[in-house]
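**Student:** This is what each chain is made of:
There are 2 protein chains.
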Amino acid sequence: MRNCVIAQSGGPTSVINASAMGVVSKNKELKYYDKVYAGINGVEGILNKNLVDLSVLSYEEIENMKYTPAAGLGSCRYKLKDATENDQEYQKLFQILKEFEIETFFYIGGNDSMDTVHKLSNYVKEKGEDIKFIGIPKTIDNDLPVMDHTPGFGSAAKYIATTVLENYFDATVYAKKSAFILEAMGRDTGWLAASAALARVNNKQVADFIYLPEIIFDEEQFIKDVSKKLATQNNVFIVVSEGIKNEDGKFLSELSAETSKDIFGHVQLGGVGNYIKQILLNSGVVSKARAVELSTSQRCAMHCASQTDIDESFKVGEAALEYSIDGENGYMIGIKRVSDSPYVSETFSLHTSKVANSIKYFPREWVNKEGNNVTIDAVNYALPLISGTSKIKIENGLPKYVKLEDLL
Amino acid sequence: MRNCVIAQSGGPTSVINASAMGVVSKNKELKYYDKVYAGINGVEGILNKNLVDLSVLSYEEIENMKYTPAAGLGSCRYKLKDATENDQEYQKLFQILKEFEIETFFYIGGNDSMDTVHKLSNYVKEKGEDIKFIGIPKTIDNDLPVMDHTPGFGSAAKYIATTVLENYFDATVYAKKSAFILEAMGRDTGWLAASAALARVNNKQVADFIYLPEIIFDEEQFIKDVSKKLATQNNVFIVVSEGIKNEDGKFLSELSAETSKDIFGHVQLGGVGNYIKQILLNSGVVSKARAVELSTSQRCAMHCASQTDIDESFKVGEAALEYSIDGENGYMIGIKRVSDSPYVSETFSLHTSKVANSIKYFPREWVNKEGNNVTIDAVNYALPLISGTSKIKIENGLPKYVKLEDLL
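Protein chains in written order, with this note's numbering: chain A, -4 to 403; chain B, -4 to 403.
To be clear, the hints were calculated from the coordinates, so they are not data collected in a lab. Treat the numbers as computed from the prediction; the structure is a model and nothing was measured. Where a beta carbon is used, it is the ideal one built from N, C-alpha and C, also for glycine. Hints are not guaranteed to be accurate.
[What the hints assert, rightly or not] In silico PhoX-like cross-links for lysine-lysine, where the CA-CA straight-line distance does not exceed 25 Å:
#1 B:K398 x A:K223
#2 B:K395 x A:K388
#3 A:K388 x B:K386
#4 A:K199 x B:K388
#5 A:K172 x B:K21
#6 B:K199 x A:K386
#7 A:K74 x B:K172
#8 A:K398 x B:K21
#9 B:K283 x A:K171
#10 A:K398 x B:K172
#11 B:K331 x A:K76
#12 B:K74 x A:K171
#13 A:K388 x B:K224
#14 A:K171 x B:K76
#15 B:K283 x A:K395
#16 A:K310 x A:K283
#17 A:K199 x B:K386
#18 B:K224 x A:K398
#19 B:K386 x A:K398
#20 A:K172 x B:K44
#21 B:K388 x A:K172
#22 B:K74 x B:K44
#23 B:K398 x A:K224
#24 B:K224 x B:K172
#25 B:K398 x A:K199
#26 A:K199 x A:K224
#27 A:K76 x B:K283
#28 A:K386 x B:K395
#29 B:K224 x B:K21
[To be verified] Derived coverage of chain B by chain A (criterion: at least 3 residues anywhere in the stretch with Cβ under 8 Å from a Cβ of chain A; other residues may be distant):
#30 62 to 69
#31 125 to 133
#32 379 to 391
#33 394 to 401
Please construct the entire structure, taking both the sequences and the accompanying hints into account.
**Tutor:** Here is the structure:
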């Protein structure tokens, strides 16, 4: 028998299952592996011998899983210990992989997971084991270096831009000075918040200000900027990354817990959005403000996913399967942009060491001089990635999603 | 000249513009009024003579406005004073309406606005003025009596059910005991939260518990219920109305500000969702919990609106225009359900006094015995109202919405 296993790690996205199904589908076509297993709940599940056979899925079931959001194979936050310190866990893992006659291990995840692939492939080399580790990228954060963008980003960007657009219409119905603050994910990088710039009416961007973790947030300047904007318009629309920091390098979300008080002296907890809101209310520039946190919907709203992202994520899975046949251990698949107009992309392989523990920041040259918005370059970059309405099946007025356990 | 004016009041929905455009479109066909004005920002705008002519809109522009969310004509929270106390404002209003040769005033809104229509029509009767006031219902809350449902509810219900479904997939990826809490709007009634019951996988409802304002929330029982559920599954999914109250009749959102503390003694503010989350964490039944507040998106997410709701809202506007020609002062249009399968509805007229200051509560017989979920009757009621994917235009991967000022 010659088998392979797929496992997922970290936070879900709308399109992880598309990548997993790309692997399953390509093997159905090429018939290289006898069985394609899923490790349920990532490495943790494999260590518990919780493997299920995905080769039994029909093309129709593959299609249904491809259009189901979040991690259909389950996920984990489990990090393998360093093999140089203690390789007991590694030995256990290899023992189980051998037992299931695994030739290739596909790991779907972000920087951390690619680091795991890197470590495992090194360990294999040292020990002379015959198991290949291949990485498949996944993160809405879009923070993996070398590749043009990550599977998952386009769908999150599309959801954020759509939500910004709709909330802009909602936020501007009253003839009263007010501020609307929308908080996007992005602890280290501003790719997600920046995608709010895609939201436009009559080609005019609706977000007045966009704040990214890459730029120091200056409270006083912020109040001045908002105040100036409110001199010429009733409503100010602000988008903010959860990870913005002040000049001391401190997360505003942490300050939020410590110092934010409303005008009655009540402590105000919550995310950065609420903190920003309180700054504005306390400063007196507005008496009405609302903060909305997009939270988990931005990583699972398949009904609003980008079909381009879904297709690319599927192709990345297919490419990983193909690469695994003759490719080298410790490599992963990335996406390269071939042309902008018409938009064309292709997959390529790269060593996981180039991605492991490395972060691709939002480019400074795509941020305006004042540091409170992004330039048209950011829009042009993201535009092709959000194109295409997701081809989900609808049943009784709602998306038809499936649970893996119901298919097996 | 024989003109009419449309004004909107209160919180936006995805389909208010559909109703307004129904009025404009029907008049284009019947040519009864010379001009169809919009009062910008409701009564407040009319009092400032801020009226614009909507008759100039082409059918294509009407279609674009119909598929734009929120209150395209602007809105206000302005409440007219009681005429018996002081009718100066009424006199000013009538003077302006006469100046613009208004025969009919269409007011789009909820209970409060229908009360305004009622009062104005009474005033007219007393003073022998010749202006007709006609109500057009609008509220995502679905709390207007007499009619089967309100324009706006179906779209909000569809968005909530879709979001519940997708977040359920997101919330269940880890093999770790956890709770996910989703907070829906609904200060007085539980219609919105109850629509979460529509979210199903393999015909099994994904929300384990749904809490409505109509049922007293018992903290101890809640902890017991969740604890019991966690004995047989890893993740518990909870949906809660913002308006739930305890046995003293106190809103939990108010208690939240007063007493909620985390295990370190920090005060935790925020909505009911966060309060519930803190209850669970403090009780120790879970160590991991997340609360998500749907906030304004549930009333403006046109990309996920119900086409049935859009069509009905448009028809309500058309019916209001037609009714105004020979109909009586102080009436409004409602929606009646003619049959469930196939779903057929029609419009009818009713006096605004039947709706003004009255609330349609979620029926007790559609709540389970334990008071912590809804029955299949709630699902059957709401199912036809969420059907049909909204036929929005897409441009550059995002919905194409328009601003009224760009059309005039």
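**Student:** With reference to the structure, classify each hint as holding or not holding.
**Tutor:** Hints versus structure:
| no. | hint | verdict |
| --- | --- | --- |
| 1 | B:K398 x A:K223 | holds (23 Å) |
| 2 | B:K395 x A:K388 | holds (23 Å) |
| 3 | A:K388 x B:K386 | holds (16 Å) |
| 4 | A:K199 x B:K388 | holds (18 Å) |
| 5 | A:K172 x B:K21 | violated (35 Å) |
| 6 | B:K199 x A:K386 | holds (23 Å) |
| 7 | A:K74 x B:K172 | holds (19 Å) |
| 8 | A:K398 x B:K21 | violated (47 Å) |
| 9 | B:K283 x A:K171 | violated (40 Å) |
| 10 | A:K398 x B:K172 | holds (19 Å) |
| 11 | B:K331 x A:K76 | violated (64 Å) |
| 12 | B:K74 x A:K171 | holds (15 Å) |
| 13 | A:K388 x B:K224 | violated (31 Å) |
| 14 | A:K171 x B:K76 | holds (20 Å) |
| 15 | B:K283 x A:K395 | violated (28 Å) |
| 16 | A:K310 x A:K283 | violated (47 Å) |
| 17 | A:K199 x B:K386 | holds (23 Å) |
| 18 | B:K224 x A:K398 | holds (20 Å) |
| 19 | B:K386 x A:K398 | violated (29 Å) |
| 20 | A:K172 x B:K44 | holds (20 Å) |
| 21 | B:K388 x A:K172 | violated (31 Å) |
| 22 | B:K74 x B:K44 | holds (17 Å) |
| 23 | B:K398 x A:K224 | holds (20 Å) |
| 24 | B:K224 x B:K172 | holds (11 Å) |
| 25 | B:K398 x A:K199 | holds (11 Å) |
| 26 | A:K199 x A:K224 | holds (15 Å) |
| 27 | A:K76 x B:K283 | holds (23 Å) |
| 28 | A:K386 x B:K395 | holds (19 Å) |
| 29 | B:K224 x B:K21 | violated (53 Å) |
| 30 | 62 to 69 | holds (count 6) |
| 31 | 125 to 133 | violated (count 0) |
| 32 | 379 to 391 | holds (count 6) |
| 33 | 394 to 401 | holds (count 5) |
The structure fails to meet hints 5, 8, 9, 11, 13, 15, 16, 19, 21, 29, 31 from the earlier list, while all remaining hints are met.
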